[in-house]
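As they're listed, the protein sequences go chains A and B.
For the record, in the first sequence the residue sitting at position 176 is 209 according to this note's numbering, with numbers rising by one throughout.
For the record, in the second sequence the residue sitting at position 45 is 1237 according to this note's numbering, with numbers rising by one throughout.
Everything labelled a hint here was simulated from the structure, so no lab data went into it.
Relax, there's no trap hidden among the hints.
Cut-off 30 Å, straight-line C-alpha distance, at most; resulting in silico cross-link-like pairs (BS3-like, lysine-lysine):
#, chain 1, residue 1, chain 2, residue 2
1, A, K96, B, K1265
2, A, K55, A, K96
3, B, K1231, B, K1245
4, A, K165, B, K1245
5, B, K1231, A, K152
6, A, K55, B, K1245
7, A, K165, B, K1231
8, B, K1245, A, K152
9, B, K1265, A, K55
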Amino acid sequence: MTDVDLHALRRGDERAYRAMVKEYHSALFRLALIYSPSRAIAEEAVQETWLAVLRGLEGFEGKSSLRTWICRILVNVARRRAGLESRTLPFSVLETEGEFAAVSPDLFTRTGPWPGHWKAETDDWSRLPEDKLLSRELQDVVTDAVAQLPRTQREVITLRDIEGWSAAEVFEVLGIQDGNQRVLLHRARSRVRQLLQDYLAPPVLN
Amino acid sequence: MNMKSIDCIDLVELVTDALEDALDNETLLSILDHLPFCKGCDDYFNQVLVTVKALSQQPATTIPPRLEASLMKLYREWAERSVVA
Chain A
34 MTDVDLHALR
44 RGDERAYRAM
54 VKEYHSALFR
64 LALIYSPSRA
74 IAEEAVQETW
84 LAVLRGLEGF
94 EGKSSLRTWI
104 CRILVNVARR
114 RAGLESRTLP
124 FSVLETEGEF
134 AAVSPDLFTR
144 TGPWPGHWKA
154 ETDDWSRLPE
164 DKLLSRELQD
174 VVTDAVAQLP
184 RTQREVITLR
194 DIEGWSAAEV
204 FEVLGIQDGN
214 QRVLLHRARS
224 RVRQLLQDYL
234 APPVLN
Chain B
1193 MNMKSIDCID
1203 LVELVTDALE
1213 DALDNETLLS
1223 ILDHLPFCKG
1233 CDDYFNQVLV
1243 TVKALSQQPA
1253 TTIPPRLEAS
1263 LMKLYREWAE
1273 RSVVA
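With the sequences and hints as input, model every part of the structure.
Here it is as C-alpha cells:
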C-alpha cells in the first residue's frame, strides 16, 4: 500500500478499496479466527474492522504501515468481541514459563559416552517432494496444528510464518518484543513440526 | 571441535534463535561445528525448515462474495458522507 493508494482510498476510489479489501482479507480473516468460535463470527469481526478503518482513515497519520494499522484494529475488535481485553495485552508469562522441550527428552541418551545425543535416527525430510508439501492433506494437518496452539503462540506463528511478516511488524500489531516472539515462535514451530512428523511417519504402536 | 561443544538435546532448542540470527557467535559456531557430524541434528534442523516452508504455503482465504459486497456497500456509504467532491 503506497501513499497514492491511501490518497485514492480517501478520495472514494472504489477500485483501490476493493483491491485492498481483497489483498488483506486472508491475513485479517486468519487473525480473526484465532478469537472467534466460528467462521461467521470471524467474518463479522472483519466487517467491523473495515468500518473502524473507514472511520479512522482521515486521522491515519502513517506512523505505522497501513496493513499493521488495520491488523491492530482487527485484533482489538476481535479481542473485544471475544470478551478479552481489547488493548494489546502484556505478554502472557503463562506461555513461556514451565517446562518445555522441542523434542521429547526420551529421544536422547542420558548416560554413556554421548549423553544428550539422539538415541535413534531422525526422519530425513530432505527428499520430501514439493507436491507432498503442497498437498491438501498435509496443509490441513498444518492448519489443524496451528489451530490447537495456545493463543499467543498462534498469533505469532500466524503473522510471522504463515503471513511472512517481520518481527518489527508483529511488534506493532501484538506488542510482543522480539525475544518473546522468538520463544513463542520456537514453541509453536516445534509443535507443528511434531504433528507433521506424526503425520508423515506415524509412530509405530507396540 | 569448537571450545564450547553442544549436545543434541540443547541444539534442538536453539533452532529458531539460529534462524532469527539471535545467537552469539560462540553458540552459533558450536552449532555450525556440530551439524556436519550429526545426522540426527542435521535432519532435525531441516525438519524445522520444512515446517516453516509448509506454514508459508498455507492457502490464502479468498473473500466470500457476500462479504465483499457488504464491504463495498460500507465504503460507498462512507464515501457519500466523507468525500468532498
